[in-house]
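K.L.:
Spelled out, the chains give:
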Amino acid sequence: METASWIIGILIGVTIGLGLALRITVMLIMESNDIGDSTGTPEDFGDGVTVIRKADRMSKRKVKELYRHQERR
Amino acid sequence: MTRHYQCPGCGSTVEYDPSLGKLFCPYCNETYTLEEHHMLYPDIEGEDTEGSEAILRDFPEKKKTARVKILQCCSCGAEMMMNDVEISSFCAYCGQATVVTERLVDYLEPDYIIPFKVSKERAEEIIRKRISRGSFIPKEIKDFEVERLRGIYIPYWLFNISYSDEQVWWYKSGRYDYYCYRYGQCKLSKFTVEASERFNDEYSEKLEPYNANALEKFDATYLSGFYSDSFDVNRITARRLAEKRVQELYNREIEKTIRGSRKKVVHSNPRIECYDPKYALLPTWFLTFRYQDHPYTILVNGQTEKMVGAVPFVKRRAAVVFAVLAALLCPLLSVAFAYANHIVGRVVANPGGNGQGAGKLVAYYVLLIIVLFSMTWIFAVKRYRHMKRCVGLTKASETEEFVKERQDR
Numbered sequence: 001m002e003t004a005s006w007i008i009g010i011l012i013g014v015t016i017g018l019g020l021a022l023r024i025t026v027m028l029i030m031e032s033n034d035i036g037d038s039t040g041t042p043e044d045f046g047d048g049v050t051v052i053r054k055a056d057r058m059s060k061r062k063v064k065e066l067y068r069h070q071e072r073r
Numbered sequence: 001m002t003r004h005y006q007c008p009g010c011g012s013t014v015e016y017d018p019s020l021g022k023l024f025c026p027y028c029n030e031t032y033t034l035e036e037h038h039m040l041y042p043d044i045e046g047e048d049t050e051g052s053e054a055i056l057r058d059f060p061e062k063k064k065t066a067r068v069k070i071l072q073c074c075s076c077g078a079e080m081m082m083n084d085v086e087i088s089s090f091c092a093y094c095g096q097a098t099v100v101t102e103r104l105v106d107y108l109e110p111d112y113i114i115p116f117k118v119s120k121e122r123a124e125e126i127i128r129k130r131i132s133r134g135s136f137i138p139k140e141i142k143d144f145e146v147e148r149l150r151g152i153y154i155p156y157w158l159f160n161i162s163y164s165d166e167q168v169w170w171y172k173s174g175r176y177d178y179y180c181y182r183y184g185q186c187k188l189s190k191f192t193v194e195a196s197e198r199f200n201d202e203y204s205e206k207l208e209p210y211n212a213n214a215l216e217k218f219d220a221t222y223l224s225g226f227y228s229d230s231f232d233v234n235r236i237t238a239r240r241l242a243e244k245r246v247q248e249l250y251n252r253e254i255e256k257t258i259r260g261s262r263k264k265v266v267h268s269n270p271r272i273e274c275y276d277p278k279y280a281l282l283p284t285w286f287l288t289f290r291y292q293d294h295p296y297t298i299l300v301n302g303q304t305e306k307m308v309g310a311v312p313f314v315k316r317r318a319a320v321v322f323a324v325l326a327a328l329l330c331p332l333l334s335v336a337f338a339y340a341n342h343i344v345g346r347v348v349a350n351p352g353g354n355g356q357g358a359g360k361l362v363a364y365y366v367l368l369i370i371v372l373f374s375m376t377w378i379f380a381v382k383r384y385r386h387m388k389r390c391v392g393l394t395k396a397s398e399t400e401e402f403v404k405e406r407q408d409r
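Chains A and C, in that order, give the protein sequences. The first sequence begins at 1 in my numbering and counts up one residue at a time. The second sequence begins at 1 in my numbering and counts up one residue at a time.
A hint or two may mislead.
[What the hints assert, rightly or not] Under the rule of at most 16 Å between Cα atoms (straight-line distance), these lysine to aspartate or glutamate pairs were calculated in the EDC-like manner:
#1 C:Lys-206 to A:Asp-44
#2 C:Lys-306 to A:Asp-34
#3 C:Lys-187 to A:Asp-47
Just so you know, these hints were derived from the structure itself, not from any lab. What you are looking at is a predicted structure, and each value in this text was computed from that prediction instead of being measured.
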């Protein structure tokens, strides 16, 4: 069991190490070779997006009530 | 009918110089402001545009044709070949900058123009400076020879847009599914939609934003010395494109306010008002060079100096960097994870050996692998694919043809 956990740890380490190396290499390439890639955002054309009302972690029942309310409107 | 803007001093053709902000005669080196030139050479009056609103509404979508019109250079009388949307170009024989005035009347004169602020030399200088800094850029690209550098006024529709939306989003946080509600709005002023069918929309969007405060009332004199096209995407189609884009931009901003993975809109009630459409010509430099027999076209926003494009990388150098990083990171992380597993195994796994402890250990490994895998491999593969797409846009033959199929001076 102990040996297995060490082996699994090493395998995870190698996989993540390779993935991290790839991520860093790709980031360096993009930094070097990507001359310009951004598009305009709402802030560039006005004051951006304003969130007037919000609610997080709503239940399904509340969502259904909201649909019914919108349909009535 | 073609026209060139004459130098009051020597009679040659004056061209608009972005670095001076005036008309410049390359033969006698005299400069004139637009007002001075107009006093001496008044513009030709356009036709009555009372019916222009009807034209805007009903203007049929122009089909993509290879139709070429033969016009006569008003300077030397030579034949000039122009396609059916070009407004300004150069004569291949005498090199004079020429404006097709009849197309400013027929095709609806633009409401606004942003004159070039970036000169040809400056455009090339900033591209060279940027490319020389890239450590993964091949030497042949760093020492590129300019095949073509053209300043083109691109047609755009500008809209004022008021957008609001009541949305319900579904998202995942940990193992659980949630819903959330967002009601927001945004007001956009002079939102740009490119109005040329031949120019790739994805590429043109990256030139944004232009500074709308610099919009000037249209004056055809600014076109002298540059290429320009009239619109062939009508206002109605452009409005639909604008609405679609604004919705995408809005959703992207709202998504940032939601914490969780795998989000999507399950219900929305958008309200959009698109009003006050205006037609404008906005400046762009197109620089084309060749690498391994392929043309690459980098764009420079002719007002803000923003560059757009991506170039291929040196694969050998990238492989060496990857190998060095892997050689450093793999041993370190292997030791770290192996030791962490050893500790976790002792704490989580039940010494009695029943299924519960082993189950927790397996869950821990699975979660760890998923989280770390997505932070590294999935990110890297996504970004690499995005990079390839950007290089593909720079290499696109569509863009090269848009620039190339114009009269050379």
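K.L.:
Take the hints in turn and mark each one as holding or not.
P.N.:
Evaluation of the provided hints:
Restraint check for Lys-206 of chain C and Asp-44 of chain A: the C-alpha separation of about 13 Å stays at or below 16 Å, so the hint holds. Of the pairs offered as hints, the one joining Lys-306 of chain C and Asp-34 of chain A holds, with about 13 Å between alpha carbons and a cut-off of 16 Å not exceeded. In summary, the hint linking Lys-187 of chain C to Asp-47 of chain A is supported, as the alpha carbons are separated by about 7 Å, within the 16 Å threshold.
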